[in-house]
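**Student:** So the chains spell out like this:
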Amino acid sequence: MDSAKTAALRGIIAKARRYDMFVSALGLLFLSFGIFVLAALFIDMAITGFGRINADFFTNFPSRRPAEAGILSSWVGSLLVMFVTASVAVPLGIAGAIYLEEYARKNTFTAIIEINITNLAGVPSIIYGLLALGLFVYTFKLGQSILTAGLTLGLLILPIVITATREALRAIPQHIREAAYACGASQWQVVSDHLLKYSTPGILTGVIIGMSRAIGETAPIITIGALTFIAFLPPAPGQLNIETGQPAGLFDWLFSPFTVMPIQIFNWTSRPDPRFHENAAAASFVLVFMTLSMNALAIWLRYRLRKNIKW
Amino acid sequence: MAVATTDALASNANAKLAEFAANKKARQRREKAIEAVLFLAASVSVLTTLGIVYILVRESITFFANVPLSDFLFDDQWTPLFDDAHYGIMVLLSGTITSSFVALCIAIPMGTVIAIYLSEFAGHKTRETLKPMLELLSGVPTIIYGFFALLVVTPLLQKVIPGLPGFNILSAGIVMGIMIIPYVASLSEDAMRAVPMSLREGSYAMGGTRFQTAKNVVFPAAFSGIASAYILGISRAVGETMILAVAAGMQPTLSFNPMEPAATITSFIVQVAMGDLPHGSIGYQTIFAAGAALMLLTLVFNMLGFYLRKKYREAY
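As they're listed, the protein sequences go chains A and B.
So the first sequence is numbered by the working numbering: it starts at 1 and just counts up by one.
So the second sequence is numbered by the working numbering: it starts at 1001 and just counts up by one.
Hints listed in this document are in silico derivations from the structure and should not be mistaken for laboratory results.
A quick note: this is a predicted structure, and the numbers were derived from the prediction, not measured.
Built from N, CA and C at the ideal position, the CB exists for glycine as well.
Keep in mind that the hints are not guaranteed to be accurate.
[Unchecked claim] No farther apart than 20 Å at their CA atoms in a straight line, the calculated lysine to aspartate or glutamate pairs in the DMTMM-like style are these:
1. B:K1032 with A:D252
2. A:K141 with B:E1201
3. B:K1032 with A:E101
4. A:K106 with B:E1035
5. B:K1310 with A:E101
6. A:K197 with B:E1035
7. B:K1025 with B:D1007
[Claimed, not checked] Just a few of them, taken from the derived set where beta-carbon distance is under 8 Å, the chain B residues facing chain A:
8. L1017
9. E1019
10. L1081
11. D1084
12. V1113
13. I1114
14. F1121
15. L1130
16. L1232
17. T1241
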C-alpha cells in the first residue's frame, strides 16, 4: 500500500482515538463534578453546622436567640406528617398497583388511569400545595394541620409507590401465578399469599424512595400555610390541655398546627443574622443525612434483590 | 346395614357439596368486593387530577372575572399586592424562562455526556458504582440546594463576577442544573442501553470507534428516550420552587438577565403563601391563576414529550 495513504489513514485513526479518549475523560470529569458537588454540600453543612449539633439542638424549641434555638417541634412534626403520609400512600399505592397489574382489563378507563399516573409524576409539587389549599384546607375544612400535610404528601408520592409496586409485580414470572391457580387458589389468594410476598423488597424500595422525597418537600407544605414558628408539640393522646383542663382525644394531634424540618430550615435561611445560618446548616445536615441514608438503604435493597432472586 | 351406610354417605356427600357451593358463592362475593376496593384505590390518581383541574379552574374563573385576560397576558408589571395592582404574568414567566434556561445549559450537555460515558465507555463495575452515587444527587431536598446556592455558590460567583447581587438567577439556575443532571443522565442512559447490541457490533465491524458509534448509531437510535429525558429535565426546571425562592430573590421584574434577582411563577406562590392572605381575596386568587399558568406550561411539555416519543420511536 502507498505509504502516504497509510500515514493518512493512521492519522485518521489516531484522531478518532483521541476523540474517544477526550469524550471518555469528559464524561468521567462531569460525573466526578456531580459527585464532588454532593460531597461539598454535605461537608459544608457538616462544618458550618457542627458547632450546633448537640442534644439540646434536638430537644429545644425554635427561639429568637440563635444559640438556644432547636428543632424539637420540627422533627416531631416531620415524623407525624410522615406517619400520615405513609398511612395514605402505602395502602393506596399498593392496592392501586395490584389492580392495574393483576385485575385491570385492557379498556379505555385503564388506559386513562395509566396515562394519568405518568402525568401526575411530572406535576410540580407546588401544584399539589395549591390542590391542598383549595380542597383540604378551604373546601373540606381540615385546616392547616398535620392531617392536611400528610394527605397532600401522600398524594404526591402515590405515583412513585404505584410505579415501584407495578414493576415488582411485573418481575414475578407467570408460572408462579399458574402454579397457585392450579392448586385452586382464588385470584386474591394468589395476590396476597404469593405475589405480595415476593414483591415486598421491590415495594419497600419504592416506599423508601417516596418517603425520602416527601420528608424533604417544602413547597406544598408552605403553600397550605404551615406556620414557621411553633413552640409547642401537637397534643399527645390523653395529654391535659392547660386552658380547658380536658384530656386530648386519640386523634387530636392530626388537627394540630405544626412545622416540619424543611420549613424550619427555610425560616432560618431567610434570616439575615448569620448565626441563624449555622442553625440552618445543622438542621440541613440532619435532614440530608436522613434522606441520603434512606436512599442508600433503597439502593442496597435493590442490589440485594437483583442478586438473590433466581426464579 | 350396608344400605343405610350408603344412604348416610350419599346424604353426607350432598351436604358437603352444598357446603362447597355455599363456600364458592361466598368466595366469589369476597373476590368481587376485593376487586372493587382495589379499583377504587386505582381511581384515586384520576380523582387527584380532577381535583387539581377543578381547584385551579374554579379559583381562576373568579380571578379572571376581576382581571381581564389581556391584562394578564400583556401587562409588563406584576404587582398584585399593591394598591396600583398589575397582573402581567409575562413578568413571572420571564423569571421562570431565564432560570430554566440557565439550569438546562448545565444539565443537558453534562447529563448527555455522562449518559454516553456510562452507557458506551464505562465498564460494568464503574457504572454500577458511579450511577447510584450520581442518583443520590436527586435525593437531596431542594430547600438544601437553595441554602447551598445562597450561601456557598453565590459568594463564589461574586469573586468571579464583581457586582453580582446577593440574590440572582445565575446562582440558583446553576445549582438547579446540577440537581437536574441525574434525571437527564439516568433516563438517557437507560434509553441508550436499550439499543440492541447488534447495532453497535455493526458499527464496530465497519471500523467505528466507541465515540463514532455513540454519536452516529446509539444516540439517533435512542433519540426518543433521550428527548423524553430532556423534557423531564425541562419540567423539573420549570416547576422547581425552593431553590429559586431562597436564592433568586423575589423581585418581579420583566428581564431576561440572569445576573439580576427575579421572581418566578413558583417563588411568587411561595411568597404569597407565607403571608397572611384572607381566603377569597384577589391576592389569594392570583396564586391559583399563576398555578394554572404553570400547570398549562408543564402540560404542554408533557404532551411535547409524548409526541416526540411517538414520532422518533424505533422498534427493534
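**Student:** Work down the list of hints and note, for each, if the structure agrees.
**Tutor:** Structure-based check of each hint:
A threshold of 20 Å between alpha carbons decides the hint, and for B:K1032 with A:D252 the separation of about 36 Å lies outside it, so the pair is violated. Pair hint A:K141 plus B:E1201 does not hold up; C-alpha atoms about 63 Å apart against a cutoff of 20 Å. Pair hint B:K1032 plus A:E101 holds up; C-alpha atoms about 16 Å apart against a cutoff of 20 Å. Taken as a hint, the A:K106 and B:E1035 pair is honoured in the structure, with Cα atoms around 15 Å apart against an allowance of 20 Å.
Restraint check for B:K1310 and A:E101: the C-alpha separation of about 23 Å exceeds 20 Å, so the hint is violated. Restraint check: the Cα-Cα separation between A:K197 and B:E1035 comes to about 19 Å, which is no more than 20 Å; the hinted pair holds. For a cut-off of 20 Å, the pair hint linking B:K1025 to B:D1007 is broken: about 27 Å separates their Cα positions. Nearest Cβ of chain A to the Cβ of B:L1017: about 16 Å, over the 8 Å cut. The hint is violated.
With a least beta-carbon distance of about 15 Å to chain A, the hint placing B:E1019 at the interface is violated under the 8 Å criterion. Interface hint status for B:L1081: violated, as the beta-carbon distance to the closest one in chain A is roughly 16 Å, over 8 Å. Proximity of B:D1084 to chain A is violated relative to the hint, the smallest CB-CB distance being about 26 Å (cut-off 8 Å). Because the beta carbon of B:V1113 sits about 5 Å from the nearest beta carbon in chain A, less than 8 Å, this interface hint is met.
Satisfaction of the interface hint for B:I1114 is found here, the shortest Cβ-Cβ separation to chain A being roughly 5 Å, below the 8 Å cut-off. Below 8 Å, beta-carbon pairs count as interface contacts, and B:F1121 has one with chain A at about 5 Å; its hint therefore holds. Given the 8 Å rule on beta carbons, the hint for B:L1130 holds: about 6 Å separates it from the nearest Cβ of chain A. For B:L1232, the interface hint holds, the least distance from its beta-carbon to any beta-carbon of chain A being 7 Å, beneath 8 Å.
Against a cut-off of 8 Å between C-beta atoms, the interface hint on B:T1241 holds, since the closest Cβ of chain A lies about 4 Å away.
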